[in-house]
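For this one, chain A is given, so just place chain B on it according to the hints.
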Amino acid sequence: MDAFTRRKIVNNIILVLSTVAALFGIMWLFWILGTLLYKGFSMLSLEIFMGDPPSPGEETGGLKHAIVGQTLIVLTATVIGIPLGILAGTYIAEYGKNSRLANIVRDLSDIMMSVPSIVIGTFIYAILVKPVGHFMGIAGSLSLAIMMIPIILRTTDDMLRLVPPELREAGYALGATKFKVIKDIVYRAAITGILTGVILSVARIGGETAPLLFTSFNNNFFTFDMTQPMASLTVTMYDYAMSPYEYWQKLAWAAAIILTAGVLGANILGRVMAYWKFRK
Amino acid sequence: MKKSYLADWTFGKIALASTLLVIVILAMLFFVLYRESSPSIHTFGIWNFITSTVWNPPMEKFGGAPAIFGTIVSTVIAILIAVPVAIGIAIFLTEISPHFLRTPVGVAVELLAAIPSIIYGMWGLFYFAPFMRDKVQPIIHATFGKIPVVGEWFAGYTPGIGLLTASVVLSIMILPFTAAIARDSFNMVPNILKESAYALGATKWDVMKDVVIPYAKLGVIGGIILSLGRALGETMAVTFVMGNQPVIPHSLLEPATSITVTLANEFTEADTDLYLSSLFYLALILFVMSFLVIAIGKFVFLKKVER
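Protein sequence lines correspond, in order, to chains A and B. Heads up, the first sequence is in our numbering, so the first residue is 1 and it goes up one at a time. Heads up, the second sequence is in our numbering, so the first residue is 1 and it goes up one at a time.
None of these hints come from the bench; they were simulated from the model. Source: prediction; values computed, not measured. Idealized CB from N, CA, C, for every residue including glycine. Hints are not guaranteed to be accurate.
Among the chain A residues that face chain B by a calculated CB cut under 10 Å, a handful are [unchecked claim]:
1. Lys8
2. Leu29
3. Val79
4. Pro83
5. Ile92
6. Asn98
7. Ile104
8. Ile149
9. Asp158
10. Glu208
11. Thr234
12. Val263
13. Leu264
14. Phe278
If we strip away everything but chain A, and leave its shape as in the complex, we get:
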């Protein structure tokens, strides 16, 4: 067999192997997605959205408490995380630039993005839940906010640095202060990019369970009070899936599909916005 034939055969073997690997990987993912859609959609009804949590053994009840809790926890996290993330990103892009502080913060926030989420949960437990003495919704929001800050910081930094310096110089030439230039010129030029980062960070933290386990915990009642334990879709899924009651397990799948719809919806929205901004 000459070298040419051998190379062709090796080539074909490798191409077939990669295709098989791709199909193998994608098969698992579709199995999971298929299960989720099949189990989730069959459970969706008005009862799921409007009903109060079920008692053990009962066949009725819904997830209203968890949906509201999840929304409140994520919204509060966003309210805390957005300003801090954007301000810090603004500082390192506009003030710090390539200073040592700015570069250190860039590296540290890359590391902070990858801190295991359950470790952040234990941290908030130690500084907030333990001193106060009970679990509370706001503690869950805080741990999610800690996960959001580095993501928003990095995208804000990247987006602001894409704004051409000539725009800033034009502002300064008119006598504007730095704050005015940032507020009226830089932010306006970069708003779509920043918003995209914010939405993607919400998608990223929206499906987190581990940081909520020891912070907002769970609550079998409907509440708006963030200083009390609060149900979330994710922790409810965890508890219901582990429970012995079949109806609770079904509810866990319903929660799964609602959560996935929310997270993927935010993710797709962010991607579409990024596509619109950078389509040129």
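What follows is chain B alone, placed relative to chain A:
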């Protein structure tokens, strides 16, 4: 005039404070975990805690070895499974797949990376664990189980919940993330390099082996290390299917535990100070492990790529 300067000054200071907050949070994270775990560190020491296999809450004896063992073994197995498949997907997406399929399959893979990990865990509990028990376990017994010495790692009958099941679910969870990074690294190879190789008569595999992979090597390795960091700290994908047995199992099929699984299951139930402190100790060890892994991945490999 004066007012606008005041606003300017205030804004700069607030922005600076937010930036410093990032440093403060990370420093506090380390300090608080250390402070909370110090009773346990003083009682059990460092080397002793890492190597002791006894985890017995009623007796107040705590050793981290089973959890650390489970974390490392499940992560390594997950990486060993996920990386070849992910690179296969990346090669498929960049070189083999017809053009009209690249974007949809690529986007699908990226969206799968965004699915909450608890869903992988629930699927593992309800579908994959029974599948392992009924279909995979007999095959493993008939193949790996027959090999001398190694066979012991694959012995035993279990309800499908155990170290291997958790590792496989973990590998499926990190697969889309790893594949997306590998594909992005492959895509960074300039077309002109590939075209020159093709012009010399190279086959697709020749181009992959001699042009694309050498060029993208650092990026792919960095990506693999980031996936490793992700797998280390993952909780929900493994909690359902690991079994939470605080022992070092004789066989990969047996139930085990990991740092994250122990934390998720026992943290809210810890009834004594030493128990809680030992759990914080485990969290600190996990934090340090992932910190080192991420720092190596980011600064040793990905930094070189940026240059």
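Results for each hint:
Because the beta carbon of Lys8 (chain A) sits about 6 Å from the nearest beta carbon in chain B, less than 10 Å, this interface hint is met. For Leu29 (chain A), the shortest C-beta to C-beta distance to chain B is roughly 5 Å, which falls under 10 Å, so the interface hint holds. Residue-level restraint check for Val79 (chain A) is violated (minimum Cβ-Cβ distance to chain B is 14 Å; threshold 10 Å). Satisfaction of the interface hint for Pro83 (chain A) is found here, the shortest Cβ-Cβ separation to chain B being roughly 8 Å, below the 10 Å cut-off.
Hint on Ile92 (chain A) holds. Least Cβ distance to chain B is approximately 6 Å, under the 10 Å limit. Below 10 Å, beta-carbon pairs count as interface contacts, and Asn98 (chain A) has none with chain B, the closest being about 14 Å; its hint is therefore violated. The interface hint given for Ile104 (chain A) is met, as the beta carbon of that residue sits about 7 Å from the closest beta carbon of chain B, less than 10 Å. Interface restraint check: Ile149 (chain A) against chain B, minimum CB-CB distance 7 Å, threshold 10 Å, status holds.
Below 10 Å, beta-carbon pairs count as interface contacts, and Asp158 (chain A) has none with chain B, the closest being about 13 Å; its hint is therefore violated. Given the 10 Å rule on beta carbons, the hint for Glu208 (chain A) holds: about 7 Å separates it from the nearest Cβ of chain B. Look at Thr234 (chain A): its Cβ gets to within about 6 Å of chain B, closer than 10 Å, so that hint holds up. For Val263 (chain A), the suggested interface contact is upheld, since its CB lies about 6 Å from the closest CB of chain B, less than 10 Å.
Of the supplied interface hints, the one on Leu264 (chain A) holds, with its beta-carbon coming within about 6 Å of a beta-carbon of chain B, less than 10 Å. For the restraint placing Phe278 (chain A) at the interface with chain B, the shortest Cβ-Cβ distance is roughly 15 Å, beyond the 10 Å limit, so the hint is violated.
Violation of the numbered hints given earlier is confined to hints 3, 6, 9, 14; the remaining hints are satisfied by the structure.
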